[in-house]
Amino acid sequence: MKIAVLSGKGGTGKTLISVNLASAAKESVYIDCDVEEPNGHLFFKPENIKTEKVTIKIPYADEKLCTGCRKCVNFCMFHALAYVGTKLMVFEEICHSCGGCVLLCPEKALSEKDKVIGEVQKGTSETVTVITGMLNPGEASGIPIIKKLFSCSKADNKSTFIDCPPGSACIVMESIQDADYCVLVAEPTLFGAHNLNMVYDLVKLFNKPHGVVLNKCLEGENPSEKLCKEKGIRILGKIPFDSELGTINSNALISARESVKYKNMFSILLQDIIREVQHEAAINFKR
Amino acid sequence: MKIAIPVDHKNIESSVCISFGRTPYFLIYNIETKESNFLENSAANSQGGAGIKAAQTVVDSEVYALLTPRCGENAAEVINAAGVKIYKTISSSIRDNITAFEERKLSLLDDTHAG
Numbered sequence: 001m002k003i004a005v006l007s008g009k010g011g012t013g014k015t016l017i018s019v020n021l022a023s024a025a026k027e028s029v030y031i032d033c034d035v036e037e038p039n040g041h042l043f044f045k046p047e048n049i050k051t052e053k054v055t056i057k058i059p060y061a062d063e064k065l066c067t068g069c070r071k072c073v074n075f076c077m078f079h080a081l082a083y084v085g086t087k088l089m090v091f092e093e094i095c096h097s098c099g100g101c102v103l104l105c106p107e108k109a110l111s112e113k114d115k116v117i118g119e120v121q122k123g124t125s126e127t128v129t130v131i132t133g134m135l136n137p138g139e140a141s142g143i144p145i146i147k148k149l150f151s152c153s154k155a156d157n158k159s160t161f162i163d164c165p166p167g168s169a170c171i172v173m174e175s176i177q178d179a180d181y182c183v184l185v186a187e188p189t190l191f192g193a194h195n196l197n198m199v200y201d202l203v204k205l206f207n208k209p210h211g212v213v214l215n216k217c218l219e220g221e222n223p224s225e226k227l228c229k230e231k232g233i234r235i236l237g238k239i240p241f242d243s244e245l246g247t248i249n250s251n252a253l254i255s256a257r258e259s260v261k262y263k264n265m266f267s268i269l270l271q272d273i274i275r276e277v278q279h280e281a282a283i284n285f286k287r
Numbered sequence: 288m289k290i291a292i293p294v295d296h297k298n299i300e301s302s303v304c305i306s307f308g309r310t311p312y313f314l315i316y317n318i319e320t321k322e323s324n325f326l327e328n329s330a331a332n333s334q335g336g337a338g339i340k341a342a343q344t345v346v347d348s349e350v351y352a353l354l355t356p357r358c359g360e361n362a363a364e365v366i367n368a369a370g371v372k373i374y375k376t377i378s379s380s381i382r383d384n385i386t387a388f389e390e391r392k393l394s395l396l397d398d399t400h401a402g
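Residue numbers (the numbering used here), protein chains in the order written: chain A, 1 to 287; chain B, 288 to 402.
With a Cα cut of at most 25 Å, we get these calculated DSS-like pairs of lysine-lysine: (1) A/K45 to A/K154; (2) A/K87 to B/K289; (3) B/K372 to B/K392; (4) A/K147 to A/K9; (5) A/K115 to A/K53; (6) B/K372 to A/K87.
What the hints contain is simulated information worked out from the structure, not anything from laboratory work.
Model, not experiment: these values are computed from the prediction.
Could you put together the complete structure from these sequences and hints?
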């Protein structure tokens, strides 16, 4: 069972919820897909870390073979190539590794080399396997890191919690691709409701079963809750705007491990989600 | 000797464009013959790497120098590789900058920006 936790903006509580759900489960895998700023490991403080570099393919030219026809320069839609004097220039940080230039070169002057763009770290924290993706600053895309993260976790059949990057762009689509269920986290503001709507559209597009956790709930109107009611989106739970929870979290501690009260809160949420996943699986089976 | 300037319109009386990579046109001006030639910047609407493609256009027009208010680091790398000098414009008037260049009053652009 793979559960992805996502939201339309940063800071809504994706990490809070995914870290605590993974801790509330007996044995689980936590995957941090927020590769630009992974922070789940700050809470888990995993041990016995094994690191694996992630590489992409970058073209390079054999000057002796290049005739300066510029087919590659004109082909590259990202303009990662320029031809100056008698030399092909490659802008590695702009290249998206499509490999098109190499295929196109009539002189076979282009080949590919590996370039390290980040790494994947795998460790353990109590009964949780913690897998973190880290993209080096300045790199164009974290998608290769996400692919590596999932290939690293394939062998595990345990409950998996995927902490997604914020937003609804390609990198989020990559992160939820294999998820059985999507948990959308939303703040009680107009902006929060707008961002919730974005990820709601995304999970609908991907046909993913989904539910919402309303985080930082205060007295009074909650625009995100209103949106859920209007659109008939299942509300899985509400987390109050609570200074005790906030304090534990800001000290980089896991509330489900620190207090029975929060352990119960996240266990109930987890049970609800598991029930939803099983319900969806049963429906799909009948279909 | 030819020089290149990013410009807002196909007219020497128009103004210097504030962007190098996304300028709509380049003026290629011949100092000796006083001839003006306007090139369309095919990079103007590209998603990314506009500076590199615009620099390729400038380099291919075989100019001695580029006069621009700003220039990105990738574009500067291409232009420098071709041995084209980059001078910083002093105002939005195209003619004033050409005059200043002819009188050797322009200084080299020494700060390129990222992104």
